[in-house]
Amino acid sequence: MTAALEITALEKTYQGGFQALKGISLSVQQGDFFALLGPNGAGKSTTIGIITSLVNKTAGQVKVFGHDIDHQLDLAKSHIGLVPQEFNFNQFESITKILVNQAGYYGVERSLAVKRAEKYLKQLELWDKRNGAARLLSGGMKRRLMIARALMHEPKMLILDEPTAGVDIELRRSMWEFLKDLNKQGVTIILTTHYLEEAEMLCRNIAIINNGEIVENTSMKALLTKLDIETFVFDLANCPQSPVLENAVCRLIDEHTLEVDVQKSQSINTVFTQLTEQHIEVKSMRNKTNRLEALFVHLINQDQHSVTVKGAQDE
Amino acid sequence: MNNTIALKSILHKEIHRFLRIWVQTLVPPAITISLYFIIFGSLIGSRIGTMGGYDYMSFIVPGLIMMSVITNSYANVSSSFFSAKWQRNVEEMLVAPVPNWVIVAGYVGGGMARGILVGLIVSIIALFFVDIHIHNLWVIIVTVALTSAVFSLGGLINAVFAGSFDDISIIPTFVLTPLTYLGGVFYSISLLPPFWQGVSRINPIVYMVNAFRYGFLGVSDVSLTVSFVVIIGFVAVLYVIAMLLISKGIGLKS
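Chains F and P, in that order, give the protein sequences.
Going by this note's numbering, the first sequence wraps up at 605, each residue one higher than the last.
Going by this note's numbering, the second sequence wraps up at 414, each residue one higher than the last.
Quick caveat, the hints were computed from the structure, so don't treat them as lab data.
Even glycine gets a Cβ: it sits at the ideal position worked out from N, Cα and C.
Computed spacing ranges between beta-carbons, pair by pair: (1) Thr164/P - Lys578/F: 57 to 63 angstroms; (2) Arg420/F - Pro188/P: 28 to 34 angstroms; (3) Leu426/F - Leu186/P: 21 to 27 angstroms; (4) Phe388/P - Arg420/F: 46 to 52 angstroms; (5) Phe321/P - Phe308/F: 21 to 27 angstroms; (6) Ala349/F - Phe388/P: 46 to 52 angstroms; (7) Tyr304/F - Ile181/P: 32 to 38 angstroms; (8) Gln362/F - Gln184/P: 38 to 44 angstroms; (9) Gly356/F - Thr164/P: 26 to 32 angstroms; (10) Ala349/F - Asp327/P: 29 to 35 angstroms; (11) Phe321/P - Gly476/F: 42 to 48 angstroms.
Below, a list of computed lysine-lysine pairs in the BS3-like style, where the Cα atoms sit at most 30 angstroms apart: (12) Lys432/F - Lys168/P; (13) Lys413/P - Lys446/F; (14) Lys405/F - Lys245/P; (15) Lys413/P - Lys432/F; (16) Lys245/P - Lys432/F; (17) Lys419/F - Lys168/P; (18) Lys412/F - Lys168/P.
Stretch by stretch, here's where chain P covers chain F in the computed footprint (C-beta under 8 angstroms, at least three residues): (19) 342-348; (20) 364-375; (21) 396-405.
So that you can see chain P by itself, here it is in the shape it has in the complex (with noise of 0.2 angstroms):
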């Protein structure tokens, strides 16, 4: 049996889904991170002045790239694998003699496809707006793989328990929009008082953008190593449950 054939399939299938599909998969992030750019960056960034050392525009556009990469790798990964479930095409691979790890690895690339194509977009994009400074180019690209994999296996994850479409809406919403918007992406956590400085640590979001940043910029409100540790410890952990989740059958076989 070969093993990188069937990754190949399944890697093939997801990429084109979100290709077919790129008025609902590649515009509106797009459409939203440039309303960003224009009412944060532009007409409210220019009154605030510089953070970390750099005017706020610049500042903000790593964290936004970030932004865009977390929940497309995450809202890719939990549509398609929940579609298939409910379609029942999840069984095509089921039935066949594709390892576990194949199923689990080609699902999580396809979000991380999807999730980097959406960070170059609003990358290009941001160069409308503002100079992209590049600090450490392996950082950029080392952290934007390593996040956009957690939040596909979170995304895979969150299929493999959800009942109904609701089910892979209520994460999204209740939990990785305010970590988001909390984790540093619009302000350095070093403004905030130490209470929540400290809070603002067990959010593993801060790690993701303040390393991403790091690698543009090369200022960082916390350590590149204790980053890269949180993020692959996610990485492993999540990996580990989705493994566990997908030999099990869970919500798969009964």
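So that you can see chain F by itself, here it is in the shape it has in the complex (with noise of 0.2 angstroms):
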């Protein structure tokens, strides 16, 4: 099956010499759901540019489901939704008129784009303002009637550059189920995002990308397999004395925090057994941070700690 997107040895240097992309590549499946992590300034969004030509690339190719964009532009564009980081449409224009316009630009009909408008407002729970201007939205809304208008010429791959930032978590939780059905649906979805947890709940692939470069692109799954320690936090009844732990390092944070690291290999029954034998009683029990938080600083620090030995022996 042809790849959703395929990009090749992507490279993007800005007037001023600044280098955003060192010739990526990488490829996203029809149907996939895909992170594009990075700090800021990696080229995440240089990429997401590239592939919807608001940015001029220096080199490299981009396909779109097969179509190249230097020679198929208008058939590789009319695949694509994006939802920018920034708010991106007119503030004095009406919510409705806003996703209406947009359904034009891609040759839908307007008595299509009305009924699609409707569907989409009352999805995102946006009907009831559908008159109003656009600048008079909450930060939250204004994400979500720029998914609305992402999707008013249903496109078979939604690209999303930071689409909860600034959202609360009640509505971002709400967001994602939207996305996830989206998905079903057979949608390929491209997410990037500060919110880790995000990627790790929604995405099944993942590419992290830095200074340029990308650092690791696999599975979900895998890229967590390569976590070795994990870090719990017990709430405990009463502990005065730190305990001793085989096989586990272990912090007492105050007499009712106790901090665990725990080996992948290892069972966390052995920790509650030890606990329990030393008469400590657990109330409850957490993950510390997020896992793909952990292993996300681990390889930008990595990659980090690459660029400069590499400066030094080149000095």
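The two chains are supplied separately, each in an independent frame; assemble them into the complex guided by the hints.
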């Protein structure tokens, strides 16, 4: 099957000489829910900008559902829906008009566009605001408006650049459900996000980009298995002294909180058994950090270190 | 991909925009031109006598209508396109499979719609001051359409290069206004010494005003054929420049 997105040796050097992309290659399969992660300035938005033709590439090739953007740009564009990071709609225009006009740019008849606008505004809980000016919406509503706008031509691939930035947790979760449903319907979704929990919950495959290079490109499952140690936080009834645990490192934070680093190969039951033997009652337990976050930090730091070492060798 | 629907969408958006803010877009030219009619036409004009064989008021009406068409066509596209750049909603069109010529035609069509509508409003106001003669309706229609296209394209090019709102007021203030006032709106260039008549012929607005005046009064300082060649030439050159700028993404893409 043709890949939804095929990027080969993509390079971008901005005026002034800053090299944002250093020949990245990437493939996203049809129907995938794909995360593109990286710290600020890593090259995520530049990559998205090139795919959507908002940024001119310096070298390399981009194909969207087999259509090369150098030769079949219009066909490639017709398959993409973009939810950009910044609000980029006319703040003074009414919400329905923004959606209907956007559909028109893709050749969707006005009568059909009006029906689709109603469908997506209702699904994204914006129907009550349909006649108001876009500037009057809250931040979360503006994000949902941009999702509705990106769907007006019913694209086969949806690209979301930080779609939940600044959105409260309740709204974020409802947006996750909406995106999951969309993906189930066959829409390929590419997501960049700062909320690594979001990527872990939604995405099946992942690429991590740093300093304009792909430092990891694999399935979410395969990536998470690379994590050897997981830290758990135990809420205790009362524990004045730090317990002694075999095969696990623990830190008593206070009389009621204990952090335990557990090897992936080790059963967590052994920790419970040892705590019970020492008459320590566990009230509840949770992960200390998001697992992906730990890996992300590790990979980025590793990459920074290799750059520093290479720089030192070059000198 | 249906380009007609895309073109209609941009046109609809553009026309709706200037109608929504009609107090800013349609009322000021009506007031300004009414003042011109009262002051230059009725009060001062009555003491001037005839010009080109017509009373002064009848002589300046075509020029004043053309002046409002020029300024409004230009202002509509320059402010709308720059605002779309500034708010980044121009990206809505850039990410869609809209051909560049459709973007140019949509914005120019919006500018022409405003220019011609303001021209109509001003013409109606003129009827309160003077009987309007019509010598050749087709010359009037073709001249006003082509002239509004020229200045809509000019406004688009200005907006592409503009980096701030100040940049879209520089050309109207320092270029358009002087050229319009020196373009034979208020006088026949035949009144000027030969040297300044020659200089005036470099000014493209002279040809637009005179072709338009010919449509109303049947008199012109320059040949009608030359006027149409100049106006069509400007449309062609500015269209090519606008297309090149949009295709290359100057000021729009990084």
